[in-house]
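**Q** Spelled out from the first residue to the last, the chains are:
2 protein chains.
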Amino acid sequence: MKRITVYELYKKSSEYANKEINIAGWVRTARESKTFGFIELNDGSFFKNVQVVYENNLENFEEITKITISSSLRVTGILVLTPDAKQPFEIKATKVEIEGLSPVTYPLQKKGHTVEFLREYSYLRPRTNLFNAVFRVRSMAARAIHKYFQERRYVYVHSPLITANDGEGAGEMFQVTTLDLDKIAETGKVDYDKDFFGKHVGLTVTGQLEGEAFAMAYGNIYTFGPTFRAENSNTKTHASEFWMIEPEMAFCDLEELMDIEEDMLKYIVKYVLDNLPEEMEFLNKFVAPGLIEKLNKLITSTFTRIDHEEVIKILKEAKVDWEFPPEYGEDIAKEHEKYITEYFNGPVFIKNWPKDIKAFYMKQNPDNKTVAAVDLEVPGAGELMGGSQREESYEKLLNRMNELGMSTKGLEWYLDLRKYGTCVHSGFGMGFERLLIYLTGVENIRDVIPFPRTPKNCEF
Amino acid sequence: MKRITVYELYKKSSEYANKEINIAGWVRTARESKTFGFIELNDGSFFKNVQVVYENNLENFEEITKITISSSLRVTGILVLTPDAKQPFEIKATKVEIEGLSPVTYPLQKKGHTVEFLREYSYLRPRTNLFNAVFRVRSMAARAIHKYFQERRYVYVHSPLITANDGEGAGEMFQVTTLDLDKIAETGKVDYDKDFFGKHVGLTVTGQLEGEAFAMAYGNIYTFGPTFRAENSNTKTHASEFWMIEPEMAFCDLEELMDIEEDMLKYIVKYVLDNLPEEMEFLNKFVAPGLIEKLNKLITSTFTRIDHEEVIKILKEAKVDWEFPPEYGEDIAKEHEKYITEYFNGPVFIKNWPKDIKAFYMKQNPDNKTVAAVDLEVPGAGELMGGSQREESYEKLLNRMNELGMSTKGLEWYLDLRKYGTCVHSGFGMGFERLLIYLTGVENIRDVIPFPRTPKNCEF
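Sequence lines, in order, name chains A and B.
So for the first sequence, the working numbering puts the first residue at 1; every next one is plus one.
So for the second sequence, the working numbering puts the first residue at 1; every next one is plus one.
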């Protein structure tokens, strides 16, 4: 008999009613008396468990009464609908095979472990309700992103991970090498000619530059892959390895860019809400009360579009004792982000930023002071996306790189994109984990990455 | 007026007929006379170009007649159906704006460049028909893979890229570090306490081990992400950075594994054929004659399942003068792979391999000689997937690691998966680029990766 999943049982319970079925899964809870017992079994296909009822007519009844949490079972039984009970059906077992008996030393015996404790058990924590929900949301959000862009014919581009470019110019790259460090210590020589790529290379901080090259061929593209920062920050929002989505669109200006960002975000949020009601209800109930309301509000909200200069003006006029006083020409702090989304009661696109606090590749505005950059501030999430129109003029881009003292070495090709059929184009980056923190209500980036990497932490 | 894409023009040409429309794109070819001219424009949204016709009533007529290949244009005009012409419609331009004029030094002026030449221009090559088709296939195949697994409720897992584990035990990992190599040379000391993660770490060669942990929570999972090999091989099939798909399924044995592999492969091939007819026809015509026939044949073929031992017997009995004589207990060579797929006239699953030539985590068969591994050999592609049932016994896995002299350090958690509710489970890996070589007929892995990384080559 073919095994079916718990998900199928829930979706087609009337079809399977009173029939013999086969399932397999892991014990979530078990309780037993002298003549019968109950097992909550979960096979990972669905957020909910299925209740298995067994009686002492089973030949291995004694053995089953001793079943432990996290043990794996294969169960044959009759699906019985229980319209008056808490759960819609249960399985009356005709056969229970223990496939893998788990010892009582299983570390996650009891509920209510802290997330900090569970981080030590990254390989087991997706078995808990919390992390099971979070990583299913992660998978579903990824699905939504691919679906959104693919259905709109954006080409998915795998930008390179190992690179000699520091695309953000921030200098916080991991080095990648096959040189023998002990030998370097011994000989006192670093010979990059002998390194795998024959030069100093590192892990990418962005796929944008390569993405732009492909946008000049396909019009619309997106990347969705890992990026890295060797930043020695131990905060709730920093990880050394994280995933980014970086769409690039040719013949697209700043206004059109904001249209796309807004449309995409609403799509993703709606898709996750529609497709994972059980997980989202759990998160809403146990992790972040008000989560679903917050997300539903986003879907129907109007996104404000306002210049950075106007934002500073509003902040300056606010009767607030700022920790960091807002200033024209300067970046804004978390307290300002929060204020401004509350002020407009919804998401806010802050655009046309002072050029000196933004990256070299951003489109220089005619005022000579600002660039056509835009950050999206979302209530309860802070900055969720950062984008810009890209400078399409070869001369202006080169001048800006020179002004900043940047070397063009290795970036000639990027400049050349402005020679060979340059056009108005724009793109943005969204940190996938930042989106997940927003979607799940979980606070720490370590809890939305399967196996997080942070300073001094590279387990599993 | 809102810009529309060339793709939309093709899909809804009757809707747009005789209406004024706006498009933007790059010049593929141009020819002109004294009173009118033609431009083949491509905007990347579709494999086909659209023909723009302009006449000397345009005020910038002279300028347009000098237009160069790869220049970017915005065109307003009337869509006119041309049922008797080669192309189904053309645009009679009422306005042509030159957005980015490309110089005549544009490197890809002429058609017929070799792939070797074009590799030097990875940032421009997706503008050629060949690479445009290849990288659209890459995107579409990725879409098919996500769609296949997501629709079957597999959870997409982002396994870590930076890791201290050598998951295949092959020792060909890139090192990742923030230590200053020059300083190491100077001081003669390597202090891993001061490295970013406080220890020696590298780039992953597989996400399988972490994938297994998540399969024990979700039942079915898949990874789809980059993997790395610091292997100094300059061949047509080796890259230092490539993407892998690694599904893992709980309560799944070797036979069920083969069912999934076969079903998935047929799905992907069919999906790409169905959704990219223009690109596939181009590849069929200009790159690999017979490609579409080969792929269609795969979809309807029966996949043979046969033991490694039987394969060796067939090879030994063959009247062939082998370069590498086949031997029981040994690996098979490319010539054998080819022979065996021809022998069975279709794809062949070769299963139950000698344990000494396979990885430590594979399920040990009762014969004590073989493991429940399976390689899929496909006509015209060679080995496309490699998988196995995983050893679910803690003792057997530990013994095997000891036998092989492997350290369990850092892999205790992987062993512990066999303690805490272990179950029969299986998984496989498919190199994404190997699949793409098969799908596109392109021969060199460097030509299916946007920006390939190979020994001494890390440009862009």
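What the hints contain is simulated information worked out from the structure, not anything from laboratory work.
It is possible that some hints are incorrect.
Treat identical chains as interchangeable: a pair holds within one or across any two.
Unchecked claim - Capping the alpha-carbon separation at 16 Å, the derived lysine to aspartate or glutamate pairs in EDC-like fashion look like this:
#, residue 1, residue 2
1, K194, E55
2, K319, E255
3, K409, D166
4, K194, E342
5, K183, E323
6, K316, D331
7, K199, D180
8, K110, E383
**Q** Hint by hint, note whether the structure agrees.
**A** Results of checking the hints against the structure:
1. K194 x E55: neither (70 Å within a copy, 60 Å between copies)
2. K319 x E255: neither (31 Å within a copy, 70 Å between copies)
3. K409 x D166: within (11 Å within a copy, 35 Å between copies)
4. K194 x E342: neither (56 Å within a copy, 43 Å between copies)
5. K183 x E323: Classified as neither; 50 Å inside a copy, 40 Å across copies.
6. K316 x D331: This pair counts as within: shortest intra-copy Cα distance 14 Å, inter-copy 73 Å.
7. K199 x D180: Both ways: K199 and D180 sit 14 Å apart in one copy and 15 Å across, limit 16 Å.
8. K110 x E383: neither (37 Å within a copy, 46 Å between copies)
Against the hints set out earlier in the document, violations occur for numbers 1, 2, 4, 5, 8.
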